[in-house]
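Hey, can you work out the whole structure from these sequences and the hints?
Here the protein sequences line up with chains A and B, keeping their order.
Residue 243 is where the first sequence ends in the numbering used here, and the numbering goes up by one at each step.
Residue 243 is where the second sequence ends in the numbering used here, and the numbering goes up by one at each step.
I should point out that these hints are in silico values taken from the structure, not numbers from a laboratory.
Keep in mind that the hints are not guaranteed to be accurate.
Which copy is meant is left open, so a pair is good if it fits within one copy or across any two.
[Unchecked claim] The calculated SDA-like cross-link candidates involving lysine to any residue, where the alpha carbons are at most 25 Å apart (straight line), are: (1) K72 x Q124; (2) K72 x R174; (3) K72 x A180; (4) K72 x Y194.
There are 2 protein chains.
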Amino acid sequence: MWLRPERPPRDRRLEREQIVGVAVAILDAEGHQGLSMRRVAAELGVTAGALYWYVANKNEMLELALDAVLGEVQVPDPDMDWRQALAALAHSHRRMLLRHPWVLTDLTAQPNLGPNALALTEAGLTILAGAGFADADLDAALAAVNDHVIGAVAAELAWRATMRTAETGPGEWLEQAEGYLRRIRENHPMLARRMAATSDVDVHTESERRFAFALDCLLDGLAARLRRR
Amino acid sequence: MWLRPERPPRDRRLEREQIVGVAVAILDAEGHQGLSMRRVAAELGVTAGALYWYVANKNEMLELALDAVLGEVQVPDPDMDWRQALAALAHSHRRMLLRHPWVLTDLTAQPNLGPNALALTEAGLTILAGAGFADADLDAALAAVNDHVIGAVAAELAWRATMRTAETGPGEWLEQAEGYLRRIRENHPMLARRMAATSDVDVHTESERRFAFALDCLLDGLAARLRRR
DNA sequence: ACCTGAACACCGTTCAAGT
DNA sequence: ACCTGAACACCGTTCAAGT
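Structure, rendered in structure tokens:
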């Protein structure tokens, strides 16, 4: 995908950039479900087949869309403290994923070697190398932070999805859920207590709190390893 | 989904269990791409429409499949040390996700309140409560570990996918990749060094090493918080 | 109660033919 | 060089009609 240069223009009616822009807009608004080649084409006033002039297939379009939004992640000021810099990078990464929830699905399924993805990796490596990590530990340390971002956002989105289904089927759902949840509570005492305590928290702020909590644990662990060398 | 009991049998030719079994088998073998209602039905010697007697739609079938494989995660011996127990749970979780790579996609998109999912949460909470965590920190600690598992497996699968495309397009890919990668190396010195060092490692063992590394960092951080109380 | 068969409204992708 | 139009081989879902 990233190997082949874009065709030189001549009678072009379209650009890759426009196609990707429309794709991202649709994905943001309606998720993967709403995205089809025909839909993107229609939005651009063109036939579905025309897209295949610019893009090999739908998958390639997704790869482009993915790298486009990866470009939104802000690389922190290089002369910050490494912990602050890494935390800032992680938070910016998280915010981007929450703006474009469909990205998570792609991240696991697609190889991801676009320019923005690589630039982000370079930024992370630079911060951690400056902190004192090297060799395999350098890779592992960056992976640890990135994995946390991905996992935390995945959990946050799943939580949101659950709340959404609970809200949309108001009468029926809660009514029947009552019986199911009661049985759950009986067999799962810990869960029951946590559910009671968590029932009225704001998903957004609580997710953010948990994100920062785990990130801090992780950075503590990384800092400890640095001292031990 | 989990609220409504299964219909009582009479002239049944099918069971939910069979449908889910076939679905999981297809997903394991061919991923989400290979799964269709028509395909599942054919495998069971039945028409696509028949499935809708047992299952409201494809999504519900996926919810069932997801919870089924969550049942494969082994809950550790309750009188283990909390760190060991949590690590064991995380490793078992990871192995399950690697056996069923399609699960990751579902985890982010679907609310996930099946019995096996809840039982796993209960197990994690029990371990961490035994260690001394309580209230919001208890939730955050469990989320931290779970998020790491999800994120790490996502990264591992993406890495594998990259290796696969590099291998399948042998002549053409590597040839054109050469130019792209050279440009990358010039602009991204850190990345260039890590790529050179990582080019001949085994993805599987290195992923496992990184997984254990980050998990250890995380558990160190959690243990430190426990001491501070 | 459970399943079939056919239909509806979609997909991604290909490819001759046009300009 | 770039796009259309039509076709191919699929989808998920619904629903009358059968047993």
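Hints violated by the structure (listed by number, smallest first): none
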